[in-house]
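> Since each chain sits alone in its own frame, please combine them into the complex, following the hints.
Protein chains in written order, with this note's numbering: chain A, 1 to 127; chain B, 1 to 227.
Hints are supplied without guarantee of correctness; some may be wrong.
[Said to hold, decoys possible] Heads up, incomplete: computed chain B residues facing chain A, CB under 7 Å, no partners named:
1) H59
2) P118
3) V120
[Claimed, not checked] Residues from chain B shown here face chain A by an in silico Cβ test under 8 Å; the list is partial:
4) G53
5) I61
6) R63
7) K70
8) V74
9) A75
10) N77
11) R78
12) G80
13) D82
14) Y143
15) N184
16) R186
17) R188
Please keep in mind that the hints were generated in silico from the structure rather than gathered at the bench. From the three backbone atoms N, C-alpha and C, an ideal C-beta is built for every residue, glycine too.
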Amino acid sequence: MKIHLYQIIMIFISSVMLFQGVKEFLKRETGQTFLKFAVRLIVWGGMGVVAVYPNSTMFFAKMIGIEGNINAVILTGFLLVFLLIFKLLSAIEKIEQNISELTRKEALSHLPEQIQITHNQEPDESQ
Amino acid sequence: MESSVHVVIPVYNEETVIADVVREVQAAGDYTIIVVDDGSRDATFTTAGSMTGVVALRHRINRGKGAATKTGIVAANRLGADIIVTMDGDGQHDPGDIEALTWPIRLGECDVVLGTRPRVRGEMPLIKIIANKIGNIVTWLLYGIHVSDSQSGFRAYSHFAATIIDTKADKYEYDSKVIREINNNRLRFTEVPIKVRYTDYSMGKPQKQGFINGIKTLVRMIWGMLV
Chain A
1 MKIHLYQIIM
11 IFISSVMLFQ
21 GVKEFLKRET
31 GQTFLKFAVR
41 LIVWGGMGVV
51 AVYPNSTMFF
61 AKMIGIEGNI
71 NAVILTGFLL
81 VFLLIFKLLS
91 AIEKIEQNIS
101 ELTRKEALSH
111 LPEQIQITHN
121 QEPDESQ
Chain B
1 MESSVHVVIP
11 VYNEETVIAD
21 VVREVQAAGD
31 YTIIVVDDGS
41 RDATFTTAGS
51 MTGVVALRHR
61 INRGKGAATK
71 TGIVAANRLG
81 ADIIVTMDGD
91 GQHDPGDIEA
101 LTWPIRLGEC
111 DVVLGTRPRV
121 RGEMPLIKII
131 ANKIGNIVTW
141 LLYGIHVSDS
151 QSGFRAYSHF
161 AATIIDTKAD
171 KYEYDSKVIR
181 EINNNRLRFT
191 EVPIKVRYTD
201 YSMGKPQKQG
211 FINGIKTLVR
221 MIWGMLV
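Chain B on its own, in the form it takes in the complex (with noise of 0.2 Å):
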C-alpha cells in the first residue's frame, strides 16, 4: 500500500516565494501540503491558502519556526499521514529529494531521516559550515548523538516518530531538540545528503539563522538544561 506523505512547510514572510515553493513540491510528486504560516505580516497566508491542494494554517502571532513546524506535524498527524516531512519555506531545499529522504522509512529501516547539506566550500558558505560544525559539536555534547547535520530543517519521520517526539522548542533550537528525542526515545535514525540552493533572498533574510540567531540559538539550548 502506497504511504501517504504529508510535506510541512512553516513560513514567516514568504509571500515572494511560498507559491514557487508550492508548485514545486506539487510538480516533485503526490503529497498533501501543508503549509503553516508563523504569523506573517504579509500576504503569505493568503497566497498559501489560495492555491488549490494546499492546507495553510496560521499562527496569529509570531512563535518561531519550532513552533510551526510543531504544529504542521500535529495537523499531518491528524490528516492520517504515515511519512511526515518538514522543510523550508525560502525555496532552499529541493522537494526532488523528497523521495529519497522518505525512502527509508518506506522499507521500515528506519523512524527519522535527516537531511544532511553539503559542506564543501563553494557550495555552502564558509561561515554556515563553521556555524554548523559548532551546532553539532553542541548538539553531541548536550544530547548525546553526533550527526552531520544538527540544524537541518528538511526532515522525514514516520508517523510513530512524528507521534512521540515531543519538544517544546519554539525557535531554531528545535531541529536539534529533535535530535535529543531522537536519543531519548532510541529511535532510529538515518542521514541522507540534499541539495541545498543557496540564493540571495534565502541568505538575506532578516529571519534566516545568522550569527546573532545562532548563539541566541546556543543560549536556549544550554538553558534548556538547566531549567
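Pulled out of the complex, with its shape left as it was, chain A reads as follows (with noise of 0.2 Å):
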C-alpha cells in the first residue's frame, strides 16, 4: 500500500490530539467532561481513520452526494478555515480570562484598605 505525505501528517496531528484528550480526561482535569472528550475522539479519531482509509471518504461522498476532487480541494479548505476560526476563538476566550484575572487581582489588591475601613467604622456606629 502507498502512503502519501498527507496521511503521515495527518496520522500525527490526529494522534497528537487524541494522545492529549485521553491524558487530560483520565487525570480528570478542570474542565474534561465525557462529553467533551467523546467529541475529540470523533473529530480527530474520525480524521485518523480518513487518513489510514481515504476510501472511507466514498462511503461518506455517495451518502451525501458529494464527488469529485475539486470538491475535496474544497471541503479541505473550509476544514482549515473552521480550524482555524477554532483556533482563533480559543485563545480570545483564553485572552478574555486572563482580563478576567488580573481585573480580579486588582479589585482584591484594595482588600486590605477596605477592611480597615471597615474596622474604622465601627466606632462611629456605637456612638
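As C-alpha cells, this is what we get:
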C-alpha cells in the first residue's frame, strides 16, 4: 500500500490530539467531561481513520452526494478555515480569562484598605 | 463555635437598590457583607462603599456576574469565612433565607446548598419557568447532575467547597459551571427552597438573564465543552 505525505501528517496530528484528550480525561483535569472527550474522539479519531483508509470517504461522499477532486479541495479549505476560527476563538477566550484574572487581582489588592475602612467605621456605629 | 458567614453580592449598575439590599442583609443577621461592583457606570460602588460594615470591591471593567461572584468568594476566603453565601444585588432574594440556606452546612451535612426558586405560575413568570427547565436539562446533559434550579444565584458554600470550586466562567454560565464542579469534585450538596421577589426593577434590567442572554449563555456552555 502506498502511503502519501498528507496521510503521515494527518495521522501524526490526530494521534497527538487524541493522546492529549485521553491524558486530560484520565487525569480528570478541570473541564474535561465525557462529552468533551467523546467529541474529541470523534473529530480527531475520524480524521485518523480517513488518513489510514482514504477510501472510507467514498462511502461518506456517496451518502451525501458529493464526489470529485475539486469538491475535496474546497472541503479541505473549509476545514482549514474552520480550524483557524476555532483556534482564534480559543485564543480570544484565553485572553478574556486573563483579563478577568487581572481585573480580579486589581480589585482584591484593595481588600486590606477596605477592611481598614470597615474597622474604622465600627466605633462610629456605637456613638 | 459560631461559624462566620460572609455574604457576597455581585452588582452591576444597582445604585438605586444596593443600599436597601445591604440594609436587609444586615437586618437578617450578623454577616460580613462583601459587595463586588462589576464595573458599574453609576454610583453603585460609592453607595456600597459608604455603608457601615460593608467590604466593597470594584472591578475596573465589567467582566460579568460569574467573574464578580468569584472575586467575592476569593475575598471571603481571604477574610476567613466558614460559610459563603452568594446572592443577587437587585433585591430579588430575601436575606431571611440565609439562615435556612446555611443550616445544612453548619450541621456538616453538605458542602454546597443551592437555593431553589419556586416554579409555580404566579410566583415565577412563565418565560422564566420555561428557561429554567431548559437550563436544568442542558446543565444535566453537559455536566451530569440534575438539579431543580441550575440558574439560581442564591447559594451557600462551605469554606472547603469555596476553595475547591474552580471555574473560569465569567458570565451567567457560572451558576451552571458550579454544578459541574460539584460533580467533578464529588461535593455533597442539597437544595433548599427560597423566596423570590420579582419586581418591575429586577425584571426590567437590561443585564438580566433574559431570552437573548439565555441563548448566549447556552452557546458559551456548549462552546466550553469544545475548547
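> Work down the list of hints and note, for each, if the structure agrees.
To see whether the hints hold, each was checked on the structure:
For H59 (chain B), the interface hint holds, the least distance from its beta-carbon to any beta-carbon of chain A being 5 Å, beneath 7 Å. Interface hint at P118 (chain B): violated, since its Cβ lies 30 Å from the closest Cβ of chain A, which is beyond the 7 Å cut-off. For V120 (chain B), the interface hint is violated, the least distance from its beta-carbon to any beta-carbon of chain A being 32 Å, above 7 Å. The beta carbon of G53 (chain B) comes within 6 Å of a beta carbon in chain A, closer than 8 Å, and the hint placing it at the interface holds.
The interface hint given for I61 (chain B) holds, since its Cβ lies 6 Å from the closest Cβ of chain A, which is under the 8 Å cut-off. Satisfaction of the interface hint for R63 (chain B) is found here, the shortest Cβ-Cβ separation to chain A being roughly 5 Å, below the 8 Å cut-off. For K70 (chain B), the interface hint holds, the least distance from its beta-carbon to any beta-carbon of chain A being 7 Å, beneath 8 Å. Checking V74 (chain B) against chain A: minimum C-beta separation of about 6 Å stays under 8 Å; hint holds.
With a cut of 8 Å, the hint placing A75 (chain B) at the interface with chain A holds, because the nearest CB-to-CB distance is about 6 Å. Hint status for N77 (chain B): violated, given a least beta-carbon distance of 10 Å to chain A, over 8 Å. A cut of 8 Å between beta carbons decides the hint on R78 (chain B): the least distance to chain A is about 6 Å, and the hint holds. Taken as an interface hint, G80 (chain B) does not check out: its beta carbon lies about 11 Å from the nearest beta carbon of chain A, beyond 8 Å.
With a cut of 8 Å, the hint placing D82 (chain B) at the interface with chain A is violated, because the nearest CB-to-CB distance is about 17 Å. At a threshold of 8 Å, the smallest CB-CB gap from Y143 (chain B) to chain A is about 7 Å, leaving the interface hint in force. The interface hint given for N184 (chain B) is met, as the beta carbon of that residue sits about 7 Å from the closest beta carbon of chain A, less than 8 Å. At about 11 Å, the closest approach between the beta carbon of R186 (chain B) and any beta carbon in chain A exceeds 8 Å, and the interface hint on this residue is violated.
Taken as an interface hint, R188 (chain B) does not check out: its beta carbon lies about 18 Å from the nearest beta carbon of chain A, beyond 8 Å.
Going through the hint list in order, the structure does not satisfy hints 2, 3, 10, 12, 13, 16 and 17.
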